[in-house]
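Full structure from sequences and hints, please.
Note that the protein sequences, when read in sequence, are chains A and B.
Read in order, the letters of the first sequence are residues 1 to 420 in UniProt numbering.
Read in order, the letters of the second sequence are residues 1 to 420 in UniProt numbering.
Worth flagging that the hints you see were computed from the coordinates, not collected in a lab.
Cβ atoms here follow ideal geometry from the backbone N, Cα and C, with glycine treated the same way.
Hints may be right or wrong, so weigh each one.
[Stated by the list, open to error] Across the chosen pairs, the derived CB separations fall in these ranges: (1) Thr-374(B) / Asp-208(A): 54 to 60 Å; (2) Gly-121(A) / Ala-178(B): 28 to 34 Å; (3) Ala-178(B) / Met-211(A): 32 to 38 Å; (4) Gly-329(A) / Met-167(B): 35 to 41 Å.
The primary structure of each chain is shown beneath.
Number of protein chains: 2
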Amino acid sequence: MTNYRTIDEANKAVIDKIIASAPFLLDVVPAKSVIPALDGQVLLHAGPPIKWEEMTDPMQGSCVGAVLFEEWAADEDAARALLADGKVQFIPCHAVDAVGPMGGITSPNMPVFIVENQTDGNRAYCTMNEGIGAVLRFGAYSEEVVTRLRWMRDVLAPTLSAALQTMENGLNLNVLVAKALSMGDEFHQRNIAASLVFLKEVAPIITDLEMDRNDKNAVMKFLADTDQFFLNIMMASCKAVMDGARMIQEGTVVTAMCRNGKDFGIRISGMGDEWFTAPVNTPNGLYFAGYSSEDANTDIGDSAITETFGVGGMAMIAAPAVTRFVGTGGFYEALSISNEMAEICIDHNPNFAVPTWDFKGICLGIDARKVVETGITPVINTGIAHKKAGIGQIGAGTVNPPLECFEKAVVAYAKKLGLK
Amino acid sequence: MTNYRTIDEANKAVIDKIIASAPFLLDVVPAKSVIPALDGQVLLHAGPPIKWEEMTDPMQGSCVGAVLFEEWAADEDAARALLADGKVQFIPCHAVDAVGPMGGITSPNMPVFIVENQTDGNRAYCTMNEGIGAVLRFGAYSEEVVTRLRWMRDVLAPTLSAALQTMENGLNLNVLVAKALSMGDEFHQRNIAASLVFLKEVAPIITDLEMDRNDKNAVMKFLADTDQFFLNIMMASCKAVMDGARMIQEGTVVTAMCRNGKDFGIRISGMGDEWFTAPVNTPNGLYFAGYSSEDANTDIGDSAITETFGVGGMAMIAAPAVTRFVGTGGFYEALSISNEMAEICIDHNPNFAVPTWDFKGICLGIDARKVVETGITPVINTGIAHKKAGIGQIGAGTVNPPLECFEKAVVAYAKKLGLK
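See below:
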């Protein structure tokens, strides 16, 4: 190592950058306007690289929906033919500074949030949350889904963009997150407080915008009713922060975790863009009426960037109410999960005190070495998609990455350091 | 007792009515339109009955502000002369189905919320929250204060009234409270989540109202910025619920607690409208920069109706973040306070699970007998007013009622039953 005497010292530099990060929400714009790779028939997907034929059914369903949204094909059959013929290029979101929930399918004309980490000037992108029920990210692609995506493109995004433009410097996300953390959010399966704080920030501005009255009303209603709206902003925020932190190109801090339905992939600070993968697990949790674990798709999505930052399942104790949704028992089980997660982390983040953790900070810096030493893997709170495309979300639960990802990463870094 | 074999059985009937209550927010209207006693130069005040000359300075300051607001006098000197000359009649809020925070001063043209307990059809009233800083309820009466009150009368109240009129049956407050309880509110010193949920309910409706654009914008901004806005709605809700419960005219359940700066008064279910009073304490807590306990006014306000219902200081564990505001330590101190409060209550309310209390329900039914037996008095979370009128809030903390109130009530009820 050129800059650091020890791995601990390198890791300290990485977590110091996480602490010093300053993510601001700047705008909502068409994905292609900020992601040059989205030129022509190109789709982004969640997780490490994957081919069309390897994708699980819901991710393929999301692709069908995106093709219909973009009007690259007139119907489902034509869309599937186009995709199967290799006419659509696939790129992981993470390869282009983006993250995507569940399928993570992002097409050129979908609006994305721009979050800038003002400490380092780097930016990250994520699509907007569509709400619940039949939604693209869970593999649904009906007329209703595509129509909603077009409304989000034509009405919701321009309205929020106009609102954000009135803020001199964008919206300070650390302030918003610290506030919602004292209101029971863990920012992965529970964003109800953060979504309301976001509403409170933009509602007076939107009220004052010159625009069609029905559109304005529909936007306000959508924001008021979409409890997980902030999730996608948080994902972009965590991505911006972790990408800032991994500018320190040494150490064993986990800088990304993601899943494509086939593989779970992690990155560590000392190994740059390299993915360390192993076959994904399937989430355990609670199912909506009429569904069971038999129906569950394998683990999918880039949303584990929230756990990488220290929230989501890592911060279960911050959101005791979420335990009844993801099936992890009561308050003391939540406490025990977060206490166990602290064992694989380097420190607590002093910027984000958790009142329900007796004001300890959220987990800071998952150390891949500690994961390997203890055998404790991060707990990820996640939605569960039906394994058949078109149905959508059927439950919520928790999932763990395979230990193998961390073993591979640590071995590779040891080799790079000439230790093995 | 005619209807119940034992005091426990009577108390069970009282708490069953608390559980069965269904408070709905119906409207915001001028106080005089629903409180016939507000006819002419009449003011409502917090706490048990009190005369002008017995009032502490901030309550007198509130009276001055109300007289100026109503234009019963042209300036402060004239207002004080009018009040000192006995030209203004004083009635306790509780005597006319109302409650008022801090000074509790309510004048005929101030708007009040109407909350109806749809189980019993009884109604309760409370003024609207003015925000923080120089506000009437803490004894400030400057031009700024009076101007804001007039804006609330002329713009805020009619707008909220119009919004509430669009709801078929009013706003279901139990649903709102249960939601905010999982978001870290205790509904006395912390109403930030409930205020945001309220905003979310009315914002899309307000967006759609035909009204002056600047007014609409000002209303939205006021609601977005006023973290304690829901407190006054909660007070009216608790009053409506407890007044429904005390229709069972037996038992030792505390049905009201309030303070006028001189006396602390309680009511119990078996003694109807009678107040059992003793001299108030002074709150202990944390002070804003530049102030200390030397500056604190004695305990004041009807807001302890929230503790009577089982929230506020009784539900400290629901709001661990509030402990840093009222000076009661960390998470485990909050837990220990709520555990101790459970000792003087009859049960837990199954409608309002507290995730941070491992999903136990909020405290249900303070039993005056248990208070006397254990010597444990309810913990009340409260704002602290400067003892000089015109300055306003200088901190927040906790306060306990004098044990004497409960002793007097139990003795009186024993006498009524012929036991003593």
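Each hint, compared with the structure:
no. : hint                                : in the structure
1   : Thr-374(B) / Asp-208(A): 54 to 60 Å : 55 Å, holds
2   : Gly-121(A) / Ala-178(B): 28 to 34 Å : 44 Å, violated
3   : Ala-178(B) / Met-211(A): 32 to 38 Å : 35 Å, holds
4   : Gly-329(A) / Met-167(B): 35 to 41 Å : 37 Å, holds
Of the numbered hints given earlier, the model fails hint 2 alone.
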